[in-house]
Amino acid sequence: MEMSGEYRIPAPREKVWAALNDPAILKACIPGCESLDMASPTEMTAKVVAKIGPVKATFTGKVHLNDIVPPESYTISGEGQGGVAGFAKGGAEVKLTPDGAGTLLVYHAKAQIGGKLAQLGARLIDSTAKMMADQFFAKFAELAGGGAEDETDTAPAAAAVSAAPASAGTAAPAPAPAATPAAAPRTSAPPAGAATPPAKSGGIPSWIWIVAALALALIVWKLKA
Amino acid sequence: MGMEGIGQRVVRKEDKRFITGKGKYTDDVKLVGMTHAHFVRSPHAHAKVVSIDSAAALAMPGVIAVLTGAELVADRIGNLICGWMVHSKDGSPMKMGAYPAMAPETVRYVGQAVAVVIAETKNQARDAAEAVTVEYEELPAATTVAAALASDAPQLHPEAPGNRVYEWSIGDKAATETAFSGAAHVVSMDITNNRLVPNPMEPRSAVANYDSGDDALTLWTTSQNPHVARLVLSAFYNIAPEHKLRVIAPDVGGGFGSKIYIYPEEIVCLWASRKVNRPIKWTSDRTEAFLTDAHGRDHVSKAEMAFDADHKILGLRVHTYANFGAYMSLFSSSVPTYLYATLLSGQYVIPAIYAEVDGVYTNTVPVDAYRGAGRPEATYLLERMMETAARQFGLDPVDLRRKNFITSFPYQTPVIMTYDAGDYNASLDAALKAIDYAGFPARKAAAAARGKLRGIGFSCYIEACGIAPSKAVGSLGAGVGLWESAEVRVNPVGTVEVLTGSHSHGQGHETTFAQLISERLGIGIDQVSIVHGDTDKVQFGMGTYGSRSGAVGMSAIVKAMDKVEAKARKIAAHLMEAAEGDIVIEGGEFKVAGTDKKMPFALVALAAYTGHNLPDGMEPGLKEGAFYDPTNFTFPAGTYVCEVEIDADTGKTEVVNFVAADDFGRMINPMIVEGQVHGGLAQGIGQALLEGTVYSDDGQLMTASYMDYCMPRADDLPSFDLHHTTTLCPGNPLGIKGCGEAGAIGSPPAVINAITDAIGHNDMSMPATPAKVWAAIHGRAAAE
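For the protein sequence lines, the chains are A and B, in the order given. The first sequence begins at 4 in our numbering and counts up one residue at a time. The second sequence begins at 78 in our numbering and counts up one residue at a time.
Keep in mind the hints are simulated off the structure, nothing from the lab. Where a beta carbon is used, it is the ideal one built from N, C-alpha and C, also for glycine. Incorrect hints may have been included.
Straight-line distance between alpha carbons at most 30 Å, and here's what the computed DSS-like set of lysine-lysine pairs gives [unchecked claim]:
id : chain 1 : residue 1 : chain 2 : residue 2
1  : B       : K199      : A       : K54
2  : B       : K90       : B       : K700
3  : B       : K99       : B       : K199
4  : B       : K125      : A       : K54
5  : B       : K101      : B       : K321
6  : B       : K199      : B       : K125
7  : B       : K107      : B       : K614
8  : B       : K700      : A       : K59
9  : B       : K521      : B       : K199
10 : A       : K59       : B       : K199
11 : B       : K700      : B       : K636
12 : B       : K93       : B       : K107
Calculated Cβ distances over 10 Å to all of chain A for the following chain B residues [said to hold, decoys possible]:
id : residue
13 : S289
14 : E381
15 : D785
16 : A852
17 : R857
The following block holds chain B by itself, in its conformation from the complex (with noise of 0.2 Å):
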């Protein structure tokens, strides 16, 4: 292992131009003659287009065009999809409401776009988007599950009957009814996954770039995965066919799953490009990131856990309702079922569990994927509840948890995942061992002299990364396989490239991606580029969610450097007229054993290039591509523990101790792993102290800006205690299992764990505000 391979704390290499400003974002690029669009978006939240007066704004000074859904439709742009048939469970497929880019006849959320405004300047576009006068007719909103599924709810979708896009299940009822039957205990519990805004620091962005000559088009987007944006574009929306589109995903600043998904604005720009015959320009603001980015979350469960007289567990029911917002986004309908609902075994051995899973409508934001997607709120439903009851039972939740852990491997759950290998009560151990769960009661009494209430909670959580296997995700639904490709270009002079189908927005392949090669030849970092995120670079690729990158796209560049290395044996072979079987490959040399015949793999790169001494019949060039097609899911685990102090007076929480001890597998970069679980937590204890979403009973967006949706910031953490403990995933060649998400999976139940162990209550919603808290403390209602 060299200095910059596998393990090493290798300092980022893209950070210099990220902190110096030279970062290349969508935003950046400018072209001769861009334009530049605003968006006229719906104020109500459920309203009829009754007609659209663009007569006025099209006088302004700059403007080119205002162009309404109408149009859109004239020209055959096709609705926006949703790539994951999820059936019901009495087998009729979901029922979903078309979702045009602009809205050409009905507003079903506030926000909505139903006309832009093409302009000279931003500026220009802005005032001019002003001056189109929308007469809408109002209709009643719905916002809530709850609300939507009442008798006289307004109805969004004709297509969808009560406004349900499907009632699926998963499970054995019949096997779960019967553990429920013969219980000792049984727990139960309302529980709340509230909804959440992304807020990736970069908004979205596109540039479209319609080039009559070539009549082909460009799109710079802020896109977690350009080929799939690419193939959706051309092959559902009717942009362009795809050898006549490109797309690029140049600097991208985070994307937490908001990224994945091909928006309107997107398809808007492009189309108008070639109507107007210019390139455009749209930047979302903060305010309309808010109104159009999907949300995350935002699920209603009623959860009953079964127990025996010893207090392990025989069965799990759950009843989930999933806010889909107003239109069914790219993946959304996945999220709530097989990224939810195939995590309820947790780390547990549950013999039967039986879930339900309903997807409602409402005026509101669509909601899909975002950090962790369906696997934070399986653990925290999970967590809430096995520390619920410990609590009933009288037990250490530590022990309750310990006696129920699945501790042989592979373990087949009752909802479809095969969990390969872990070490469950290794992390359990490191993370008590962290936070000296022995002294906890001194100092809950020494907060207690202080004024403060301590209170101390867990979460062991369990996640499936690495997504996925192409025929097992396609036999569920997928639209698409989820491989990943990769291509290892060798250069004349021995450096390489590696195009990659997976896009960096924050996680930093450039350099991890790059220590694999450094390990494998034995060549430095600098010696590597990494190329992604450009349709007409790279090979077709997947892209980056689901912490797959390691597990799914390092695995591809492992088979490509796998031809590359052998090709690169042969050469060296062959000249220093050695044995293929011979040839070691240590720190940039191609050595022969056993002598002191060596050359420098620069040398080997050349000689297959100048073609002047190969192997007979060997082609010239070193370079090799390669699919990678996952067989399993990876299964990261962990255990998070975190303490609060609660000042009983203004019911403020601090988190004044977190310990997260989380099981990866193999680390190709520590601190860059690191950097991800502290993002992560900060995500998930955001969500359990600070972030709510807050919709009006009318559908207007309350928190649509930094002045009511309240973001976590330094001081509202603590400096994270991180530990690891590590099985290898058998599943792929480097034994990664992922992580990107388990910081905002595992860490929401730990906070209101700790907050409810605190205030010796234990209904508590997210966001814990101060105003619920002191109400809970106090025996109050809380003042919402």
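Next up, chain A with everything else stripped away, as it sits in the complex (with noise of 0.2 Å):
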């Protein structure tokens, strides 16, 4: 699946900035996040505990930045393994632009999952994706924009869950290190994907990834700075 979408975080680029840089609020903002850690500058790793529909499951997940044009963009990619609930990978390519007062952030994101995820979870994935999307951005504009709300009018998860067509080029170029572990330390932790792993394939869309990578991508930024 393929999906596209911003949010508008109210707080000025710098401040973003500087709560990406702050694993607490990451940890704080991806919901069901037990762990958050980094094995490199351009690797981390991450457990998550994620719910869609019938499917409970610890993820563990691993992610790569690559691409990375410090305060403007990057791409993030990884995979998460849930045991028997299934697997999610996939990437997506972020931007972040000053929008006034606020920051807005950009991303486009492909995504595949299996296992029981995909037998279950499917045609709830978008819905999950959704509402983790929904909490992540409520908490992280919170945390890093001191409350301020207004934001994302149209924004939100809404925007989040338009699909975009083409643009199929998005993790392309980054995506074969993260499927390979070999690339960075094995350091620490299993693998990282952020919160969630990626969503699923087949045309069936699934924002758990998204979320995830979206953190993944906040954390990688932090790193990157």
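Both chains come to you apart, so use the hints to assemble them.
Right, here's the structure in full:
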């Protein structure tokens, strides 16, 4: 599946940046995030408990950052393993631009899910990912923006769900490394996909991954910085 | 004929326990010290298994063992077999890849087991399975025949280049080409038969118990054929020799073919029980059933039919691609060949037929026989063709069929089968009368006035049941004979136990088989018990599938009863000092014709067991066995007519009238026959309207629960209008043809023919969902 969307964070880019540099904030924002660790400046691992319809599982994921252009953009790719719940993998391009007093975050993502997630959760993934994205950004806006909330009028989740047809380019350049754990020191924990793993394939969207990707991306950013 | 004899609508004896919660199913088995198995399954459709780390799982509470495919191999547990050898047209044997019970190196479909966790409780096993870490190296996957045959397709098995299992053919190619070259009209169609998931009400289950004292194993399992299971487990999988392995298939809640096969889970539970020296239970959950029960159908065909100027059929040419899934299941090879292409003559005189069938591996669940097994695919193809041809010719579809009906018997088709008896006009006439065909235009107009599109569709099906003459199937590649066995044991008090090799998993044998005994001896069915499903109790038998239990299983009982009756007559004649030929059996009594001498059957039985006064040289006892091997298949046939009304605004199809006129030969219990037809029709209408198995391109099963796989419910179905015409089957002593699959075989084309008639658009695939029908009505591409 492919999807794209945008969120407006009610804080100036510097502030967003600072928040992105704070693992504690990211961990607090990712729904169900139990741990978030940096394995290297371009790789992190995370453990997230997610529930998609009838499937509840602990996903461990590993995320990679590529094409990092410090305050503006990067590509994030990763995969999460949920044990018997299945897997998710994918990638996203994320861009930050100043938008008045706030910051606009735009992403385009591709993802694939498998196993029980696909079997039972496929039709629920859109809504679950939307919910998780809402939760993430609501919390992030609160923590990064100090509470200001009017932010995204139409932007939030709604926007996120608008499918972007073409733009297959997204994660394309970067994905390879993600798939190859070898690329990064295997240090610490398991994989990292930040929040959740990516979502599904075959035409069925999976927002989860996006959320995860976004979270990761943010994290990465911070690291980058 | 008594009140409970042949032809009576006797209420089913077994239903009392089924509807009062007293059924005894495999999952009801509880043994002291029993452990529970949970399988770790691949989330990938195609991948190398790089490593399996079970350390964390082993440390969890209650975990006894985590076993993998590598250990199966080390213990020399055999790969799963396919029991029917089919040869390609070039004479080469089919090409099969190894099918291990748990994948040691490569997984080839989502859901394939790679490891099993044995724990004290079911939940502990489930939790621990989540802690087993399997590292995979993903490979590209192919889920459709087209994808698997593409030049750049991933290769599933090194043994099967190009993912081709076989390229088989039947019929006379040259004669068929000649027929087409002389044709006045040729009708051609591309036809897809959708993949189905069987969905018996009871999921599969196995309880394996290793008794170290006797070094013997017992398996309770949801099987349609426990003796075949024991044979295969013993002879091919190296589980235990047959005398050290008991297989019990207790009450089984439906099978539809999916419980014929010996699955990896039973093999693993048996092997693991010996390894951990504890009993082990495994019961499938519903999504596991979607992921592991053998699926059905999944054919893609190109068909062409040649007609002369008078619309008589000259020839039929078919090329079918059968999706076998990732491995060859037990009887999978026979389904799209000998159970399919041999029925392509349908009810019609078709002088020349040539069919090619290519079997193809894909990264999907293995596909095997499912209610009808090949015959629904043949019927759907032919009956869609006939309806399409009639529309192209501007003929009434009834007239086109009637013009081409086979009317004299026996009839030798160009594709092996010899039809023994039938009257296709009779069932067509009965169906037309019941549906009020003449009144259809008025009903259509009335529907139009209500804003509905009404259509009518026909299906004149034939199937081959009574599977099967052993010599014939042996010559076609079957690894087993398909006879049946029976033993009739008369107890000293005159009650009767019938031990049958057939297996009842919903068919009502405990009632119908007892009705046969009641018919023969005049005793009540409450005096008769039917014993089946336990290899320690019952002599070797072949089980139940292919609508064979009446035609083959009961014929074996008839043969055993003949012997019992002959001996009982001798005893009665001796005791009553009469000539054996004068003994008449009536109402449970043995009478001397023309006199008032008589004695109850119970006294004859008692005399046989006391042995005090038997004819000189006669052995005591009254118990006889028999094996019956049929001489031919049986050929149930009939006409189904479906009327639908479609809401053009929503595309929703409602089946408003459904007539089934079947010729099943003799019916033992018409009520049970009707129940079988009702169930079959529901499944066939489900296939036509609702059920579709969807894989994503990368091999994820998207329809793995009832949230996404739509089963037919009562409100999707009309009140069926059933009729029977009867020509007795000359091939077996009771004249039975079989009724278990007809409904599922005959109904799908009737529904689709009705829908396409209603919307005036001939192109419609199954399932005909509202989205597809709406798109067809409005000339849009259907959104999948």
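Checklist entry - Taking 30 Å as the top limit, are the C-alpha atoms of K107 (chain B) and K614 (chain B) close enough? => result Judged against 30 Å, a Cα distance of about 21 Å means the pair holds.
Checklist entry - Is K700 (chain B) close enough to K636 (chain B), meaning Cα to Cα at most 30 Å? => result Holds, because 12 Å separates the two Cα atoms, which is no more than 30 Å.
Item to check | 10 Å Cβ clearance of A852 (chain B) from chain A | outcome: A852 (chain B) clear of chain A: closest Cβ-Cβ about 17 Å, beyond 10 Å.
Checklist entry - Does the structure keep K125 (chain B) and K54 (chain A) at a Cα separation of 30 Å or less? => result holds (28 Å)
Checklist entry - Given the hint that K101 (chain B) pairs with K321 (chain B), does the C-alpha gap stay at or below 30 Å? => result holds (24 Å)
Checklist entry - Holds or violated: K99 (chain B) with K199 (chain B), Cα cutoff 30 Å? => result holds (23 Å)
Checklist entry - Are the Cα atoms of K700 (chain B) and K59 (chain A) separated by 30 Å or less? => result violated (59 Å)
Checklist entry - Non-interface claim for D785 (chain B): all C-beta distances to chain A beyond 10 Å? => result Incorrect as stated: the minimum Cβ-Cβ distance to chain A is 7 Å, not above 10 Å.
Checklist entry - Does the structure keep K59 (chain A) and K199 (chain B) at a Cα separation of 30 Å or less? => result holds (18 Å)
Checklist entry - Given the proposed pairing of K199 (chain B) with K54 (chain A), does the C-alpha separation stay at or below 30 Å? => result holds (22 Å)
Checklist entry - Does the alpha-carbon distance linking K90 (chain B) and K700 (chain B) stay inside the 30 Å limit? => result Judged against 30 Å, a Cα distance of about 24 Å means the pair holds.
Item to check | Restraint check for K199 (chain B) with K125 (chain B), where alpha carbons must lie at most 30 Å apart | outcome: holds (28 Å)
Violation of the numbered hints given earlier is confined to hints 8, 9, 15; the remaining hints are satisfied by the structure.
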